[in-house]
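Student: Sequence:
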Amino acid sequence: MITRNDVAKRAGVSVGTVSNVMNNKSFVKPEHVEKVRKAIEELNYIPDFNAKSMARRCNNHIGIALYEMTNPYHAEIIQGIEEYAAEHNFMTTIFVLNNSSPHKYHAICERRLDGLVNFMTNDLPHAFTAELKRQKIVLVNFTAEDSFLIVNDYTPPMLEYMHILQEGGHRKVAYLWTGDEVRFRADMRGKTFLEEREKYGFDTDDSLVLFNDDVMQTSEQVGYRLCGQLLERHPDVTAVFCTNDLVALGALRRLSEAGLRCPEDVSVIGCDDIALGEYFNPPISTISFDKRRHGAEIAQWIIEKIADPKSHPYQTMVVSTYAKLRKSIAPAKK
Numbered sequence: 509m510i511t512r513n514d515v516a517k518r519a520g521v522s523v524g525t526v527s528n529v530m531n532n533k534s535f536v537k538p539e540h541v542e543k544v545r546k547a548i549e550e551l552n553y554i555p556d557f558n559a560k561s562m563a564r565r566c567n568n569h570i571g572i573a574l575y576e577m578t579n580p581y582h583a584e585i586i587q588g589i590e591e592y593a594a595e596h597n598f599m600t601t602i603f604v605l606n607n608s609s610p611h612k613y614h615a616i617c618e619r620r621l622d623g624l625v626n627f628m629t630n631d632l633p634h635a636f637t638a639e640l641k642r643q644k645i646v647l648v649n650f651t652a653e654d655s656f657l658i659v660n661d662y663t664p665p666m667l668e669y670m671h672i673l674q675e676g677g678h679r680k681v682a683y684l685w686t687g688d689e690v691r692f693r694a695d696m697r698g699k700t701f702l703e704e705r706e707k708y709g710f711d712t713d714d715s716l717v718l719f720n721d722d723v724m725q726t727s728e729q730v731g732y733r734l735c736g737q738l739l740e741r742h743p744d745v746t747a748v749f750c751t752n753d754l755v756a757l758g759a760l761r762r763l764s765e766a767g768l769r770c771p772e773d774v775s776v777i778g779c780d781d782i783a784l785g786e787y788f789n790p791p792i793s794t795i796s797f798d799k800r801r802h803g804a805e806i807a808q809w810i811i812e813k814i815a816d817p818k819s820h821p822y823q824t825m826v827v828s829t830y831a832k833l834r835k836s837i838a839p840a841k842k
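Residue numbers (my numbering): 509 to 842.
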């Protein structure tokens, strides 16, 4: 196995100079840099990452915890995280978690991650989060005092869509939500909908907001099931907001099976602007932001805090979003 000593001998420099070249130190003489890089190439030297990690007490490893691998929304953000991380010599690992697999929590703790991004919608075990904090892992989306928090500002696009529906004569407007009522009221979408629906002339019957009681179902399954329940309660509904675009996809199928057309009979609005949404029938109106850029920003926060914790305190990051109007909205049917 080729070592740094071998590289140093081939280049005719010290082992320290080899280390400085590999760590991109600016003070190394250009001729030494050239010799070292030439020796590395000739010997096909590959550094021992584990040894390097032990020396630096940093594994250059960012974890991403999520529940739903089938949602392209997370994939687009993760792509941005991975691209930025790779540019800065960090690797990323995705962990698919649920409450029925406690061994995965132990596996994450054993990895000695440097950062962990939480895309879960359900609560994580206290013992697990306590261990992450004990290991001083840089956290995203845990608690305000111990992690970076990401808040998507959904209020402007929600108000824009509510105004569009009002102008279109919609009164019976529903919401299909993948979580429970507590999370709905805490989310800017739910909060805005509940607080502003009377102002826009919408029916304030709380049975028009449907919550999910089966966390094992995918978003599209939830959308299909909740839309069926909605049609049983309110067959005269004319517009439906959905937690995300996959919920909207499930709702579109259920509406079609009920003999209803979108948008002629029922308008549908999603969220997240997944790439597939443009190819739904009809193309889904949604709430959007630059997900790959956002992913890169997340990776940047983590890496900068790892490098200098005191200069990069935890804070709440607000993401601006906007309405992307497509063909799934039309005036209410007379």
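The hints are simulated quantities; they were obtained by calculation from the structure and are not laboratory data.
A couple of the hints might just be wrong.
Said to hold, decoys possible - What follows is a set of in silico ranges between Cβ atoms, one per label pair, in the way DEER data are often shown:
(1) L551 <-> V690: 52 to 62 Å
(2) K818 <-> E740: 14 to 24 Å
(3) Q823 <-> D744: 30 to 40 Å
(4) P817 <-> A766: 51 to 61 Å
As the list claims (entries may be wrong) - Pairs of lysine-lysine residues, derived as DSSO-like cross-links and limited to a Cα-Cα distance of at most 27 Å, are as follows:
(5) K612 <-> K832
(6) K641 <-> K842
(7) K707 <-> K832
(8) K680 <-> K818
(9) K533 <-> K546
(10) K707 <-> K813
(11) K533 <-> K818
Where is the CB? At the ideal position from N, CA and C, for every residue including glycine.
Student: A separate judgement is required for each hint: does it hold in the structure or not?
Tutor: Evaluation of the provided hints:
1. Between L551 and V690 the C-beta distance comes to about 60 Å, which sits within the given range of 52 to 62 Å.
2. Look at K818 against E740: about 57 Å separates their beta carbons, and that is not inside 14 to 24 Å.
3. The hinted range of 30 to 40 Å is not satisfied by Q823 and D744, whose Cβ atoms lie roughly 46 Å apart.
4. Our hint of 51 to 61 Å for P817 and A766 holds, since their Cβ atoms are close to 55 Å apart.
5. At roughly 37 Å between alpha-carbon atoms, K612 and K832 are farther apart than 27 Å, so this suggested pair is violated.
6. A C-alpha spacing of about 57 Å is found between K641 and K842, which places the hinted pair above 27 Å, so the restraint is violated.
7. Pair hint K707 plus K832 holds up; C-alpha atoms about 23 Å apart against a cutoff of 27 Å.
8. At most 27 Å may separate the alpha-carbon atoms for a hinted pair to count; K680 and K818 exceed this at roughly 51 Å.
9. Note on K533 and K546: the hinted pairing holds, with a Cα-Cα distance of about 17 Å set against a maximum of 27 Å.
10. Of the pairs offered as hints, the one joining K707 and K813 is violated, with about 44 Å between alpha carbons and a cut-off of 27 Å exceeded.
11. Restraint check for K533 and K818: satisfied, since their Cα atoms lie roughly 23 Å apart, inside the 27 Å limit.
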